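*Asks:* Single-letter residue listing:
There are 2 protein chains.
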Amino acid sequence: VQGTAHNNGGGTRVMIIGGDGYCGWATALHLSARGYAVCIVDNLVRRNYDLQLGLDTLTPIASAHDRVRKWGEVSGKHIDLQVGDICDWEFLSQAFTSFKPDAVVHFGEQRSAPYSMIDRQHAVYTQSNNVLGTINVLYAIKELNPDCHLVKLGTMGEYGTPNIDIEEGYITITHNGRTDTLPYPKQAGSFYHLSKVHDSHNMHFAARAWKLPITDLNQGVVYGVRTEETMADKALINRYDYDAIFGTALNRFVVQAAVGHPLTVYGKGGQTRGFLDIRDTVRCIQIAIDNPANKGEMRVFNQFTEMWSVNDLARIVTTEGSKLGLNVKTINIPNPRVEAEEHYYNAKNTKLQDLGLVPNLLGDAIVDSLLEFAIEYKDRVRPELIKPAVDWRKSPVTVATGTAAVVKQ
Amino acid sequence: VQGTAHNNGGGTRVMIIGGDGYCGWATALHLSARGYAVCIVDNLVRRNYDLQLGLDTLTPIASAHDRVRKWGEVSGKHIDLQVGDICDWEFLSQAFTSFKPDAVVHFGEQRSAPYSMIDRQHAVYTQSNNVLGTINVLYAIKELNPDCHLVKLGTMGEYGTPNIDIEEGYITITHNGRTDTLPYPKQAGSFYHLSKVHDSHNMHFAARAWKLPITDLNQGVVYGVRTEETMADKALINRYDYDAIFGTALNRFVVQAAVGHPLTVYGKGGQTRGFLDIRDTVRCIQIAIDNPANKGEMRVFNQFTEMWSVNDLARIVTTEGSKLGLNVKTINIPNPRVEAEEHYYNAKNTKLQDLGLVPNLLGDAIVDSLLEFAIEYKDRVRPELIKPAVDWRKSPVTVATGTAAVVKQ
Ligand SMILES: NC(=O)c1ccc[n+]([C@@H]2O[C@H](COP(=O)([O-])OP(=O)(O)OC[C@H]3O[C@@H](n4cnc5c(N)ncnc54)[C@H](O)[C@@H]3O)[C@@H](O)[C@H]2O)c1
Ligand SMILES: NC(=O)c1ccc[n+]([C@@H]2O[C@H](COP(=O)([O-])OP(=O)(O)OC[C@H]3O[C@@H](n4cnc5c(N)ncnc54)[C@H](O)[C@@H]3O)[C@@H](O)[C@H]2O)c1
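Going line by line, the protein sequences match chains A and B. If you use my numbering, the first sequence corresponds to residues 3 to 411, in order. If you use my numbering, the second sequence corresponds to residues 3 to 411, in order.
No lab work stands behind these hints, which were simulated from the structure alone. Among the clues, some could well be false.
One copy or any two copies: either way a pair holds, since identical chains are not told apart in the list.
Said to hold, decoys possible - Distance condition first, Cα-Cα at most 25 angstroms in a straight line; then the derived DSS-like pairs of lysine-lysine:
hint	residue 1	residue 2
1	Lys-213	Lys-270
2	Lys-325	Lys-213
3	Lys-389	Lys-331
4	Lys-380	Lys-297
5	Lys-353	Lys-297
6	Lys-72	Lys-213
7	Lys-380	Lys-350
8	Lys-389	Lys-72
9	Lys-331	Lys-270
10	Lys-297	Lys-325
11	Lys-396	Lys-144
12	Lys-331	Lys-236
13	Lys-396	Lys-102
14	Lys-213	Lys-396
15	Lys-213	Lys-297
Source: prediction; values computed, not measured.
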């Protein structure tokens, strides 16, 4: 079966930056199970955001050290855990020199759009952490390991919602009788999404100037909690974010359905995006590692499997909820974001499928399993965390604490 | 005469960030002379780069405080000087609150491509200083003065050298039967140029999300030392950079001609760029201020008047030099940069001319006047500073000091 063969990693050394996070943890175990030598690099700041803002994952997760240790017991495989900040060059260069990666998978960024829009400080933090961290990773590869393949997570949100088809990273333009293939124009909608646009430009330059092999994965919204490995033990379970800062629309809707709260659609609900199952995220990463970019190439894949609007998601959760006996209602609330609520959206996503990805589609099974988690951990749900917390237009001038920036409604 | 009428500023309050620099100083005096109320904001870090790297302007410049004081004596006009770093929010927000600008002209960035390529630290410094500083300026306007017009200096280098015509900021693309006007694709060639690409994306978002009025000026390479006001007194003279880090090709060639050194053309010399006279820079800024962008609009002007290749510049300096009795030779040296040396280049620049700019062209007069400066200050020339100092491909891993990073040849 695709992506499940054991030991096809053949000892390939993969550094996973951000390996304690949602996508990173699932990927680390997926690769470790398949014979890749895995090193997790993470400063654990994601856990700190939750502490700062009073948020928590629905599913109780073990500490980074405990879950790596548990994985060793369960699988007999060792994962190296290096706790540190990639913005700290001394730490990063030592991690590189000691681990000697063949490939680096870079998930290690602040990844919430609302978090980046809390106020000026959070905007500056997000771009500083993400853009400068990625520059350090580029220099680490250039100076210490120039054949190392960088697999970097971008987002479909870099493209915005143009009125033409979205291609995979580049577009061929004929203009005044001449033709060139150029980076696809970017119109991101938050300081977080913009940080990824900046990364893409910096990486494109580094590939050209220094002949590095780079894959930029413009990932859609990831859903799901279960992967084979993270379900192997309670201490390996992945995080499930449902709050208004880190939770995505589908996760929020599922939790709202489970606790009997109407699904809160932002604005008209016509906002359409690409989505994928966490089980496909881990396989896409493996595919990228197994089929590396050429030196000097910055290859871009759009990493999603299906397109849905917010209204589509609400409809699916309503239907699946009713099968489980839940009476699900939907309400439209003012959109805290600045975004088009009705727009054309047609994004290409054939490159990963050409390399062998067979998608897991968003069907009954996955929504059921999400609903099961939400029902199982119902007592941990704090419904007040689901209300929009950050308004794109209204962040305060100065805030003493992160929570003070959260708009009370 | 265009741009010379006095008191047409009518008291409009203009904050000039980077007003102690080359373009900023000339602009500050130009606007002050014409009845605008001017405040210079600058942390004087440009003077510090020279100290760090052992460089100096050809023309001896007075201290920031002295030249502002001298301007008061010469013109009877007061310029407010606020020394501080725009990355320091406490300083910037206080400067905004006390001065209450109607327009902000933002020159205040690290602007040398070679400086940004010295090594990792200089790359990180450049993007951090420029991108985070500009985010602070955007928040200052949004939070403190949302009607204030931001006039931001970008660079023609953001576009790179595409094989199609370069438009002014946006391009209309027809693709698979649909059409949209999107930001022009960017392919910048150094961490400095990339920082401007990032600024442009951040500003485009801020204009859309917060309805700010923004003008992004993609400026070409500026040449010339003389403006009416900076020539009014020795203490007002502008800087003239000729070293390999901060000097541009034309400035370097002129100094080489003056001291009898062959002009050093990087590679084949077919690299073509947009250029303009410093006397046009100051008028472009005035035109932008007098014709502000609409709220919510990020308007982009390509701010240059002529296109020249490096070989064109060498030829012009050779011809003009020989008229002054100089025997000028040219040599081709290995290109320290990663860039196309023969390429298509056709960039549009009609928008500023539609608003009234009448260009000063690069003719005998201007090259003569540059040569006169170079001959006058010949004793201050240190020819070893003109040799390429930074190689795009070779920066060292770690450096104790900036100078240690400079490639010795
Ligand atoms: N989850 C999604 O739906 C989604 C969608 C598109 C793209 N992505 C991208 O995929 C990546 C992973 O997303 P996720 O949902 O797993 O996020 P996450 O926040 O759960 O994981 C990111 C991890 O990176 C770590 N990190 C952040 N800054 C770091 C630094 N400076 N040094 C070291 N570690 C650092 C955090 O501690 C965290 O464990 C991100 O880059 C994100 O932008 C995610
Ligand atoms: N000179 C050119 O040919 C040219 C061409 C295209 C674009 N530009 C752009 O025009 C602007 C001005 O260029 P220049 O040649 O006058 O550069 P310059 O270095 O002479 O001036 C920039 C000024 O900004 C100040 N500064 C830098 N960072 C600052 C910070 N964080 N806080 C406060 N002040 C800060 C410096 O001290 C300096 O005085 C720059 O943004 C540059 O990128 C210049």
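*Asks:* Decide, hint by hint, whether the structure agrees.
*Replies:* Here's how the hints hold up against the structure:
no.	hint	result
1	Lys-213 with Lys-270	between (46 angstroms within a copy, 21 angstroms between copies)
2	Lys-325 with Lys-213	neither (54 angstroms within a copy, 45 angstroms between copies)
3	Lys-389 with Lys-331	within (16 angstroms within a copy, 71 angstroms between copies)
4	Lys-380 with Lys-297	neither (49 angstroms within a copy, 46 angstroms between copies)
5	Lys-353 with Lys-297	within (19 angstroms within a copy, 40 angstroms between copies)
6	Lys-72 with Lys-213	neither (39 angstroms within a copy, 51 angstroms between copies)
7	Lys-380 with Lys-350	neither (37 angstroms within a copy, 60 angstroms between copies)
8	Lys-389 with Lys-72	neither (35 angstroms within a copy, 58 angstroms between copies)
9	Lys-331 with Lys-270	within (15 angstroms within a copy, 68 angstroms between copies)
10	Lys-297 with Lys-325	neither (51 angstroms within a copy, 50 angstroms between copies)
11	Lys-396 with Lys-144	between (41 angstroms within a copy, 10 angstroms between copies)
12	Lys-331 with Lys-236	neither (32 angstroms within a copy, 76 angstroms between copies)
13	Lys-396 with Lys-102	between (46 angstroms within a copy, 21 angstroms between copies)
14	Lys-213 with Lys-396	between (43 angstroms within a copy, 12 angstroms between copies)
15	Lys-213 with Lys-297	within (5 angstroms within a copy, 42 angstroms between copies)
In this structure, the earlier hints numbered 2, 4, 6, 7, 8, 10, 12 are contradicted, and the remaining ones agree with it.
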